[in-house]
Structure formats: structure tokens, C-alpha cells
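Residue numbers (the numbering used here), protein chains in the order written: chain A, 1 to 545; chain B, 1 to 301; chain C, 1 to 315.
Simulated from the structure, these hints should not be mistaken for laboratory data.
Hints should not be assumed to be uniformly reliable.
Calculated from the model, a selection of chain A residues having no Cβ within reach of chain B, i.e. all distances over 10 Å [claimed, not checked]: (1) 143; (2) 151; (3) 167; (4) 203; (5) 244; (6) 282; (7) 292; (8) 362; (9) 366; (10) 401; (11) 407; (12) 423; (13) 426; (14) 487.
The calculated lysine-lysine pairs, modelled on DSBU-like cross-linking and capped at a C-alpha distance of 30 Å, are [said to hold, decoys possible]: (15) C:53 <-> C:124; (16) A:183 <-> A:545; (17) C:220 <-> A:203; (18) C:53 <-> A:209; (19) A:181 <-> A:545; (20) A:122 <-> A:181; (21) B:31 <-> C:60; (22) A:476 <-> A:237; (23) C:124 <-> B:38.
Partial list, derived from the structure: chain A residues whose beta carbon lies under 10 Å from chain B [what the hints assert, rightly or not]: (24) 264; (25) 281; (26) 400; (27) 403; (28) 421; (29) 445; (30) 485; (31) 486; (32) 489.
By construction, the Cβ of each residue, glycine as well, lies at the ideal position given by its N, Cα and C atoms.
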Amino acid sequence: MDKKLKSIGSLILLGLLILLISACSSDTKNNESSSESAAAESTGKGSSEPKSGGTYTILSPADPDMLDPHKQSSIYTHMLAGLVYNKLVAYETGPGVDYTDYNVVPDLAERWEISEDGTEYKFFLREAYWHDKAPVNGRQVTAEDVVATMERIINLPGHQAAILSEVESIVAEDSQTVVFKLKQPFAPFLNFMANHFMWILPKEAVEGKVDLATDAIGTGPFVLDKWEDNVQATYSKNPNYYEKGKPYLDKVIYKVVPDQASRIAAFRTGQADSIGGLAPEQLAQLQKTNPDTKIFEALFATQEQLYMNMEREPFNDLKVRKAISMAVDRQSMVDAIYGGGEISSPVNPSLGDWALPLEERKELLPYNPEEAKKLLAEAGYPNGFDTKMIVTNGYGEQLVRVAQWVAEDLRNIGINAEIEIVEYATYFSERWPNVDYDMGVGYQTYFQEPDEWLRTQLHTDGARNWYNISDPELDKMLDKQRLILDVNERKEYVYNIQRYVLENLANPLPLTTYYTKTPVHDFVKDSYPHASYGYGYLRDVWLDK
Amino acid sequence: MSQIQLDSELPNERIKAGKNLHFSKFKQDCKRFIITQKIGFVSLLIILVVVAVAIAAPIIAPYDPISQDRAAFLAAPTAEHLMGTDDLGRDVFSRLVYGSQISLIVGIVTVVISIILGTLIGMISGFFGGIVDMIIQRIMDAVMSIPALILALFIAALLGPAIQNVIIALVIIEVPRFARIVRGEMLRIRESNYVEASRSVGASSFRIIMKHGLPNMMAPIIVMASLAFGQTIIAEASLSFLGIGTPPPNPSWGLMLSDASMYMESAPWLVLFPGLALSILVLAFNLFGDALRDFLDPKMS
Amino acid sequence: MIEYIARRLIFGIFVLLIMTTFIFIIMRAVPGDVVTLQLANSGATPEQMDALKAEMGLDKSVIWQLVDWLSNAVQGDLGNSLWSGQQVSEIILTRLPVTIQLAVLSIVLAIIIGIPIGVISAVKQNSFTDHFLKVISIGGLSIPNFWLALILLTGLSLVLNWIPPLGYQSFVDNPLVNMQQMFLPAICLAITLSASIVRMTRSAVLEVLHSEFIRTVRAKGAKEGVVIFRHALRNSLVSVITLIGLQIGYLLGGTVVLESIFALPGLGSLIFESVLIRDYPIVQSTVLVFGAMFLLVNLLVDIMYGWVDPRIRAK
Numbered sequence: 001m002d003k004k005l006k007s008i009g010s011l012i013l014l015g016l017l018i019l020l021i022s023a024c025s026s027d028t029k030n031n032e033s034s035s036e037s038a039a040a041e042s043t044g045k046g047s048s049e050p051k052s053g054g055t056y057t058i059l060s061p062a063d064p065d066m067l068d069p070h071k072q073s074s075i076y077t078h079m080l081a082g083l084v085y086n087k088l089v090a091y092e093t094g095p096g097v098d099y100t101d102y103n104v105v106p107d108l109a110e111r112w113e114i115s116e117d118g119t120e121y122k123f124f125l126r127e128a129y130w131h132d133k134a135p136v137n138g139r140q141v142t143a144e145d146v147v148a149t150m151e152r153i154i155n156l157p158g159h160q161a162a163i164l165s166e167v168e169s170i171v172a173e174d175s176q177t178v179v180f181k182l183k184q185p186f187a188p189f190l191n192f193m194a195n196h197f198m199w200i201l202p203k204e205a206v207e208g209k210v211d212l213a214t215d216a217i218g219t220g221p222f223v224l225d226k227w228e229d230n231v232q233a234t235y236s237k238n239p240n241y242y243e244k245g246k247p248y249l250d251k252v253i254y255k256v257v258p259d260q261a262s263r264i265a266a267f268r269t270g271q272a273d274s275i276g277g278l279a280p281e282q283l284a285q286l287q288k289t290n291p292d293t294k295i296f297e298a299l300f301a302t303q304e305q306l307y308m309n310m311e312r313e314p315f316n317d318l319k320v321r322k323a324i325s326m327a328v329d330r331q332s333m334v335d336a337i338y339g340g341g342e343i344s345s346p347v348n349p350s351l352g353d354w355a356l357p358l359e360e361r362k363e364l365l366p367y368n369p370e371e372a373k374k375l376l377a378e379a380g381y382p383n384g385f386d387t388k389m390i391v392t393n394g395y396g397e398q399l400v401r402v403a404q405w406v407a408e409d410l411r412n413i414g415i416n417a418e419i420e421i422v423e424y425a426t427y428f429s430e431r432w433p434n435v436d437y438d439m440g441v442g443y444q445t446y447f448q449e450p451d452e453w454l455r456t457q458l459h460t461d462g463a464r465n466w467y468n469i470s471d472p473e474l475d476k477m478l479d480k481q482r483l484i485l486d487v488n489e490r491k492e493y494v495y496n497i498q499r500y501v502l503e504n505l506a507n508p509l510p511l512t513t514y515y516t517k518t519p520v521h522d523f524v525k526d527s528y529p530h531a532s533y534g535y536g537y538l539r540d541v542w543l544d545k
Numbered sequence: 001m002s003q004i005q006l007d008s009e010l011p012n013e014r015i016k017a018g019k020n021l022h023f024s025k026f027k028q029d030c031k032r033f034i035i036t037q038k039i040g041f042v043s044l045l046i047i048l049v050v051v052a053v054a055i056a057a058p059i060i061a062p063y064d065p066i067s068q069d070r071a072a073f074l075a076a077p078t079a080e081h082l083m084g085t086d087d088l089g090r091d092v093f094s095r096l097v098y099g100s101q102i103s104l105i106v107g108i109v110t111v112v113i114s115i116i117l118g119t120l121i122g123m124i125s126g127f128f129g130g131i132v133d134m135i136i137q138r139i140m141d142a143v144m145s146i147p148a149l150i151l152a153l154f155i156a157a158l159l160g161p162a163i164q165n166v167i168i169a170l171v172i173i174e175v176p177r178f179a180r181i182v183r184g185e186m187l188r189i190r191e192s193n194y195v196e197a198s199r200s201v202g203a204s205s206f207r208i209i210m211k212h213g214l215p216n217m218m219a220p221i222i223v224m225a226s227l228a229f230g231q232t233i234i235a236e237a238s239l240s241f242l243g244i245g246t247p248p249p250n251p252s253w254g255l256m257l258s259d260a261s262m263y264m265e266s267a268p269w270l271v272l273f274p275g276l277a278l279s280i281l282v283l284a285f286n287l288f289g290d291a292l293r294d295f296l297d298p299k300m301s
Numbered sequence: 001m002i003e004y005i006a007r008r009l010i011f012g013i014f015v016l017l018i019m020t021t022f023i024f025i026i027m028r029a030v031p032g033d034v035v036t037l038q039l040a041n042s043g044a045t046p047e048q049m050d051a052l053k054a055e056m057g058l059d060k061s062v063i064w065q066l067v068d069w070l071s072n073a074v075q076g077d078l079g080n081s082l083w084s085g086q087q088v089s090e091i092i093l094t095r096l097p098v099t100i101q102l103a104v105l106s107i108v109l110a111i112i113i114g115i116p117i118g119v120i121s122a123v124k125q126n127s128f129t130d131h132f133l134k135v136i137s138i139g140g141l142s143i144p145n146f147w148l149a150l151i152l153l154t155g156l157s158l159v160l161n162w163i164p165p166l167g168y169q170s171f172v173d174n175p176l177v178n179m180q181q182m183f184l185p186a187i188c189l190a191i192t193l194s195a196s197i198v199r200m201t202r203s204a205v206l207e208v209l210h211s212e213f214i215r216t217v218r219a220k221g222a223k224e225g226v227v228i229f230r231h232a233l234r235n236s237l238v239s240v241i242t243l244i245g246l247q248i249g250y251l252l253g254g255t256v257v258l259e260s261i262f263a264l265p266g267l268g269s270l271i272f273e274s275v276l277i278r279d280y281p282i283v284q285s286t287v288l289v290f291g292a293m294f295l296l297v298n299l300l301v302d303i304m305y306g307w308v309d310p311r312i313r314a315k
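Start from the sequences and build out the full structure, keeping to the hints where you can.
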């Protein structure tokens, strides 16, 4: 009898020991203030001259299934593509440019001309050279490469082809000029050309002479040395990059570390420079052991959405949808689960002022459970109802937490939503696209154009209308905004569309957009990340050590 | 002559006496077990305590395991929340208590179904022999050759995170083990003298199995069941930890651990308690199974 | 003996065939196919999906696909990853050594831990020490290995400010780094494994201690310790080898969770990732490899056992 007690005793001792250790080293409750003091901007611009050299290490929970930038919409593929490829035009990054400023600036195209009627775009290529790897061997970039790339983008099956759907023809006028002819004026065109799919490949790659799944030859600031699937990818500085003097870093290493505790530990011990977003408690912990750590805060490039199947009762009733919207305490949720964020809008706030102003969002998406219950009763459900909510665990824990939070809020107004966890593969290939659900919670893709946030999701023919939405009024509005070439006029119109959506459609319901907080070492200078996919911004980074 | 007379004279009394004999033998065995297998007995008590906790969960748990106390996220243990709260403000102690239900139910359902299916398959295999036996055996071998967790992962990942899928996966793993025991016993019976003798007196095969086979199978099956319990509980926890087992917001201990791993530094109690609970329960089952084995057949140890 | 091996081999192949068919059919019967998964994020038309399916050979009937795959496999072509296009055999060959190293290291550590404890237990049979050690070692068996891993990882990070170096390096490339990376996961697996080894060793040593042989030795006055050491150890090693055959299943299964936690690019983590993205060729081949390893190890164990036991040798 006492032998058993002894073993129980030793177990308890072990437990106490662990508690003791943890109590000594963690005292998070008293240190919440330190995370607040973190700057909500990118690391300070070094006043001294940039130093060349050094290795920048990125840790990621996963890596791409393949490197081919046109066959994959995975964020990991495109982040890495940003190191080795360029596009014709890109989104500006640099000092003074916000994470969510979408300014189209020249990249491989030095300048461009747009015809009067807006149907012809002429891009003039700058002098740039491919990486010195066989079979391309560092030759100069030509218009032929661009045309071949575009044709590949159009011909491969998949979403990326839709980016060029308005294009009638692409012609290489001469070796350094490419002309795009559109079927009709298309306001989002330049933004679409800066889309993350538009990486330019050498024509040898398009012809199959480069194994794009495992290799990459581009014009970007870094050259891919080697990709070891699921272990790491290593890159070296491109000596012939078109921006003279850049990049400053010698090497970039991208390692796969699925366990977050390991990533944090690596950052703490100086073995890693970029480890992704952390929860507030983890940041506070980190700052205690590494007080020099800066925090980079930015509005996340997508939102959580609560979406419903319009063809299933009771979600076909607008009142029910609005009641559901009012039941969710969005602000508390994003503060608790993500440590801070904003109520979102049909166009994600990461697109800057294309989203409705924050005050208006708060008005149109209020938290009012009492009102919600009343609406439900009016709709014929005074006692609520039972339903099922799908969510995938393929995006990590926080989203699953969001689902649980929302389910809890819905319980308060009488709706019992049973959570069904769908694993990633089934979620993406069956449940969501086939609208095989009652309601669900999920992230949307990082759309980078208002057109994608609105038309692609909400138009009856929208490629991502996985909600059974069909509103002819709305369709007309969505088609119209594509033709408005004046930016300010279009913005106003897009606001109206969003108001209409929140008042009369209320599906999918924007929940929140959170502030992603990433720790950055003090010695990392001129790091200006941007919401668009790609690590290209690393070309400006230098290490002050 | 006289025996038959006795039988017909007081049949009820005789039967009752027989039953009493069995029962008092059982009581004797129990007493012997408690005395010789002290550790096993204590383990049994622990198991019973956990079962009691699981049954009385609604009474014992101070909070609903799913409801979120939004004023207290990741709270350290206090008087209000004995074991603290998790990142959604749910009371850890309540979740631990309700979590015992999941571990036990998955364990019981899996083991019971496995025993039933395993016995059936083993009986068919052993009784019919020949080609039937060979085919069934090869299939069982094939299933057993795939490392348990990998097979479970395979099935659970394909079917999706749900308790019933976990049970399906775990049953598939455990059945061959029970089938093997039963089959072995079946084969032994077939060869034994008992069968020859009984057959010659005219008893049916079925009766033979029931009377001679089953009692001998009981012992190894019970021991295997106890150990299988421990394995099943850990397997469910592992699957839930990997995200392909019991889905949230259910308070599966394995799931609690995987949620907690994000907060190991800031809230270590989240990792401590579910892990301890798992370890203690599985330890109890293993020790009990061990003791049973020693008790029922010292030669087996 | 030869006949014995041959028979076992043939049965083994038969079993592998059944296993493959089983896996094959289940993977395709379950929802979530790889084509829709790859293209679902885009707006591919049904025609494009069909084209991709044809390209991957997924449009033929399941039986045909199985036959195709088997005939290729026999020639050493295990197909290509449906996602990265890499050769499956290449992927597996690259990741196999990691898992094997982890398994071997775990076994070695388990033996180092288990045998001394088993010996002490046997020598002090039925004493308090014996019971205490039994509970401790079964305790090791009962602790979920991933929990142990988490605790060790965080404990070391907080107390010693140390973590295993990131970016897996093979033993050949950098033995020091490699050992640091392998040590923790191996310990976690070894602790569970050692429990059974303790029991085996204890029985084996007890057997020797109670045998006629020992009495003779004692009567002769020879050094008891040395004799126990040599004979008991030999006895227990045989049992341990048998044990490995039985436990290899647990070991291989354990690699899945531990490789994921410690970011080791082995077969365990491979199969986990591949099932989730429905990369059929990888999953099939990996399960096959696991099954083959299991059968092979058991065959070797049986051979060794048979070789040691002259009765079987004579057959």
C-alpha cells in the first residue's frame, strides 16, 4: 500500500517541481504593460549606413508542397517566390509605406503607358538579368519571357487564370516591350498585374526545361541554392540584382519548424529572425527574456468570416442572418483570441481605405444579443434552433478557438451550433466549395483587390461564391464597379456596395481582422513587410551587428 | 441410480447450492487478490474513483466544461478556478472531470466492441480451420503489421475528427489481438482430449466451446482487456493531440494538452493537469492488468 | 531453417499485398480527393479537374490503379508525389534514415535504462525496491510520450535556456548537432520501451537465479556475481530481442508524434502530413515501408531466436 503511495508522492513531487520552475520564470500577469509599450510600426530606420552581410533566418510551421508559383495558391509558395522572382509591377514597400498601402510601382516593368480608352497597356521592361543558373545562365530578360509566362498563367487550370480573364491579347512588340489588349476597360487591371500570381518566369521554365516544382530561376534579389522538402530552403544574394547595391544580406534561410514552442525558443536564443505572429502572452514572455525585442504590428491580410448556406433554412431568412450577426461580440473575441484587432468589413481593412471606415463598421455590425433575440423571434424562432457549424483545423488553433467563441455567443441567443471539425483536405475539396454545410467559420484567402473581396465571393457567377448567394441587384453593382476607372469614384461606389451587403445580404458575415504581432530583433534594420505575399521586402533589410 | 434420484429430488436446492459455491469461490478469489496483489488492488480503487468521478461529473464539476468565463483567460489556479482556466476562459478542473468521461467511454466502447468482434472472428477462424482460418489470419496479420498509431492515424485522418471515428480506428487495431487469443484457445480445444471424450458422449460442438473453451479464454481476455484499456486511452489522447481525434470543444485530455502546448511557458498548469490525469489513469490500468496477470496465471509473468 | 525462412518470407509478401490493397481502397473510398484539393482554392472548371485527374492517372477504376501501382512498385517505381512531383522512392529514401536512427537510438537507450533496473529488481526480488521500480517503470510506460516531450522541451528551454538546434542535420553531416536533435525524442520513446525490458530482464535473471545451474555454481564457490552477469545477461538479451520484435510497432507509431514535435524529417512526420493532403502515392508507399520494416524485424527476431534455440534449428 505504501509503495503505491510513494509513487504517487513522487509524481506529485515532479508536478510541484515543474510548477515551481514555471512560477519562477513566468509572471505574465504582472507584465501585460510591457507588450503595450511595443511600437506599432516597423523597426526603426537605421541612421547609420547599411552594412552588407549576414544571414537572415525565417522559421515557418510549414513549407510549400511545391515551389511552382503558378500551380499553388499556398501562402508559403508565394512568400518564397518573392525572394527569387519579380513581377511586371509590384506593391510598394519601404519606409513610410504602410503594411496595407497598395501602391502599384514599377518592378520588372520600368514604366507603362495606358491608352486613352483604357483597353491597352504597354509595359516597357527595364534592363534586368536572370539568375546565373543553367539553362538560363544569366541572360537578359526579354518580352518573350513575359509573354510565355502570361500564356502559362492563362493555360494552367486554376484561379490564377481568372486574373487575366479580361485580357484579349498579349504581344511582344519588341524585345523590351509588352502590350496587353483588354476586352473592355478594367479598373483593377494594374492591381491584378501586381497580384502574387504574376511572377515572371524565364521562357525556358515555361518550356519545361526547369523543374519548377523543386527549383526556381528568377530575377529576384536572392537566388535559390537548394530546397529540401520539409526541412529548409537556402538562398544567396543575387549579385546581378537590378537594384544596384541590394540586397545587403548574404543569405536567407527558411526552415520548417512546426512546433511553436521551438520557434519561440529559437528566436530567444538568436537562432532565428522571423517566426511569425505570436499570442500576447507569448510576446510578453519573450520580452522578459529579451527586452530588446521590437514588435511589428500589422493588420492581418484576411478576416474571419461566419458564413451560411443561403439555400438551407433558416439561413435563407435575412432576419435570422442579421440576428446571428448581432449575437457575436466581435471586439472582445479578437482581443481575447488574437490580442487585438478591428471589426471587419466586406472588403478587408488590410486594403486600407477601400474598407468601410471603422466607425461605420461598428454601426453596421453591432453587438446586441437582446436585439438579436428579438429578431429571431420575429423570424419565427423565439426559442432559437439547432444547427451545425463547420470549421477546419488546417489553419491552426486560433481559428478553432474563434469557432468555439462564436458557438458560445450563439448559445446565448438560443442557437445551438454543434461544431464539426473538418480536416483540411475535406474542407477545401468538398464541404466549402460544394456548399455542403449549414454554417461555418473560416478565414478567407488574402484577396488583394476589392473586386476579389466583393465580386468573386458575392456575384452569382463568382468563382468563390460558395454560399449560394444570388442577388441580381448586387450582381449589377458588382459588374459596374469594374468599369469605373477613377479611383476615388470607384472607392465611393465600393463603399455603397459594402453598405448594401451588410444591410441586405449579411452573408458571409465579416467577423474581425486581427493585428498580427511579430517579434523582431533589435539589430534587424529597414524591415518593411507588406501584406502582399512575398519576402521580396528582404532586399532592403540589413543587420546591424 | 442414486445420483439421478438426488437430482430430481431437490433440483432448485442443488442449483442454488451450486451457485453459492461459485459465488463464495469468487469471494475467496477476491480476498486472495486483495491480499497478494496490493498494488493491483490500489490501482483498481483508483480506476473506480475515476469511474465514479466520470459518472458524478455533473455534480462534482463546478462549471460547465464548455462555457467560457470571459473575465478570466489563462488564469492561474485560484479558489474560484481550482486548476485555473484555459485560453477561452473554461475551467480546467471541470474539463478534467468531464474529460474522464471521454477517456473512459472511448476505452470501454472500444474494448467491448473489440472483444465481441475479436471473439467472433477468433471463433470462426479457430473452429473452421483450413482455408478460412488461413485467410482470416493473413488479414489479421496484415492489420497487425501496420504500427498501431499509424493505422489509427490513417483511418482517423481520413474519416475526420470525431469520437466515433476514433473508436472505429481503435477497434480495428485491437480486434486482431483478441481474435488471436480466442483462436488460440479454439485450436487448443479442438486438439484436446476433452473434446474427444465429450463428443463420444454426444455433446454438440457448440456446447463444448461454451463449457470448456470460454472459461479458459476469460483469463487472458480480461488481462488483455485491461492493458488494451490503457493503450486505447493513450491512443485517443495521441490522436486528439495531433488534431485528428476528439474534436473541440470536447474536453478530451489529449486535446487539452495540444491546446496547452501553445502556452507552456505562460500557463504551464494547462499542460500539467491533463497529462497527470492521463498518466495516473493509464498507470492504474496497466498496474491492474499486470496484477491480474500475476494473479490468474503466475506462469505468464 | 532455410525452409522456415523461405516460408516466412512468402507469407510476409502475401501479408504486404493484403496491406497495400487495404490501404489503397480505403484512401480512395474516403472523401477529399487530391485533385479537388489542389484546385479547390482556384476556380477550376470541371473539365480542367478531369484533365488533371487523367494526368495523375486517377480516372481509371480503383482496381486498375492498384494493378498499375503494384506492377510499378515491383520494379522499384513507387510513383510520384501528387503535390511536388518528386519521386516517392526518393522522398522515402531521404527520410527513412531519420526514422531508423530514432528507432535504433531509442532501443539502445531503452536497453541501457532497462537492463540494470531489471537486474536490480531481480536480485532484490519482492523487496520494496523491486515493487517501487516496477511501479516506476510501468509509470514510464503509462506516461504519454508526447506529454513527456513537451515537458522536457519546455523545462530545458526555461531552466537551461537550451533548445535542440533547428534544421535537421544527419549524423554524417554533423554528429554533434544530430545527437542533440535526436536525444530528446529518443529518450521519450526509450522510457516507454524500457518498462517491458525491465520486466523481461527481471524474469530472465530470476530464472537463472533459481536454476539448478546457479546452485551448482554456488556449491563450487565460484564468483556468483560474474556468473549471474554472464548467464543472466545472455538470457535476458535473447528475451530483449524478442521484445523488440513485439514493440517495433509501438516504436514506429511513436515516431509520428515525436517527429512532429521535434521537427525531424522522418517517415513518421511524412505520413502524417501526406495523409492530410491526400498524397496517395506517398501514403501508400510509406505505410508499406512501415509494414515491411515491422515484418522484417520480426522475421530477423524469429531467425535469431531460432538460431539460438536448437530445437527450431533442427527443423
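Hint check:
In this structure residue 143 of chain A is separated from chain B by more than 10 Å, as the shortest Cβ-Cβ distance comes to about 48 Å. For residue 151 of chain A, the non-interface assignment is confirmed: its Cβ lies about 38 Å from the closest Cβ of chain B, beyond the 10 Å cut-off. Separation of residue 167 of chain A from chain B is adequate, the least Cβ-Cβ distance of about 41 Å exceeding the 10 Å criterion. The Cβ of residue 203 of chain A sits about 41 Å from the closest Cβ of chain B, beyond the 10 Å cut-off, so the non-interface label holds.
Against the 10 Å criterion, residue 244 of chain A stays outside the reach of chain B, whose nearest CB is about 44 Å from its own CB. A beta-carbon of chain B is positioned within 10 Å of the beta-carbon of residue 282 of chain A; the least distance is around 7 Å. Look at residue 292 of chain A: its CB is around 19 Å from the nearest CB on chain B, clear of 10 Å, so calling it non-interface holds up. The Cβ of residue 362 of chain A lies farther than 10 Å from every Cβ of chain B, with a closest approach of about 19 Å, so its non-interface assignment holds.
The beta carbon of residue 366 of chain A is kept farther than 10 Å from every beta carbon of chain B, the shortest such distance being approximately 18 Å. For residue 401 of chain A, the shortest C-beta to C-beta distance to chain B comes to about 6 Å, within the 10 Å cut-off, and the non-interface label is violated. The beta carbon of residue 407 of chain A sits about 7 Å from the closest Cβ of chain B, which is not more than 10 Å, so the claim that it is off the interface is violated. Look at residue 423 of chain A: its CB is around 5 Å from the nearest CB on chain B, not clear of 10 Å, so calling it non-interface is violated.
Chain B draws residue 426 of chain A into its interface by the beta-carbon criterion, the shortest separation being 6 Å against a cut-off of 10 Å. Every CB of chain B lies more than 10 Å from the CB of residue 487 of chain A, the least distance being 42 Å, so the non-interface label holds. Between the alpha carbons of residue 53 of chain C and residue 124 of chain C the distance comes to roughly 66 Å, so the proposed pair goes past 30 Å and is violated. At most 30 Å may separate the alpha-carbon atoms for a hinted pair to count; residue 183 of chain A and residue 545 of chain A exceed this at roughly 53 Å.
At roughly 88 Å between alpha-carbon atoms, residue 220 of chain C and residue 203 of chain A are farther apart than 30 Å, so this suggested pair is violated. With a C-alpha separation of about 23 Å, the suggested pairing of residue 53 of chain C with residue 209 of chain A holds against the 30 Å cut-off. At roughly 50 Å between alpha-carbon atoms, residue 181 of chain A and residue 545 of chain A are farther apart than 30 Å, so this suggested pair is violated. A C-alpha spacing of about 9 Å is found between residue 122 of chain A and residue 181 of chain A, which places the hinted pair at or below 30 Å, so the restraint holds.
At roughly 65 Å between alpha-carbon atoms, residue 31 of chain B and residue 60 of chain C are farther apart than 30 Å, so this suggested pair is violated. Restraint check for residue 476 of chain A and residue 237 of chain A: not satisfied, since their Cα atoms lie roughly 49 Å apart, outside the 30 Å limit. Using a Cα cut-off of 30 Å, the hinted pair residue 124 of chain C and residue 38 of chain B holds, with the two alpha carbons roughly 18 Å apart. For residue 264 of chain A, the suggested interface contact is upheld, since its CB lies about 8 Å from the closest CB of chain B, less than 10 Å.
Among the interface hints, the one on residue 281 of chain A holds; its C-beta lies about 4 Å from the nearest C-beta in chain B, closer than the 10 Å criterion. A cut of 10 Å between beta carbons decides the hint on residue 400 of chain A: the least distance to chain B is about 6 Å, and the hint holds. With a cut of 10 Å, the hint placing residue 403 of chain A at the interface with chain B holds, because the nearest CB-to-CB distance is about 8 Å. Taking 10 Å as the C-beta cut-off, the interface hint given for residue 421 of chain A holds, the closest approach to chain B being about 4 Å.
Taking 10 Å as the C-beta contact cut-off toward chain B, the hint placing residue 445 of chain A at the interface is violated, the least distance being around 22 Å. Interface restraint check: residue 485 of chain A against chain B, minimum CB-CB distance 47 Å, threshold 10 Å, status violated. For residue 486 of chain A, the interface hint is violated, since its Cβ never comes within 10 Å of a Cβ in chain B; the closest pair sits about 46 Å apart. A distance limit of 10 Å between C-beta atoms decides the matter here; for residue 489 of chain A the minimum to chain B is near 43 Å, and the interface restraint is violated.
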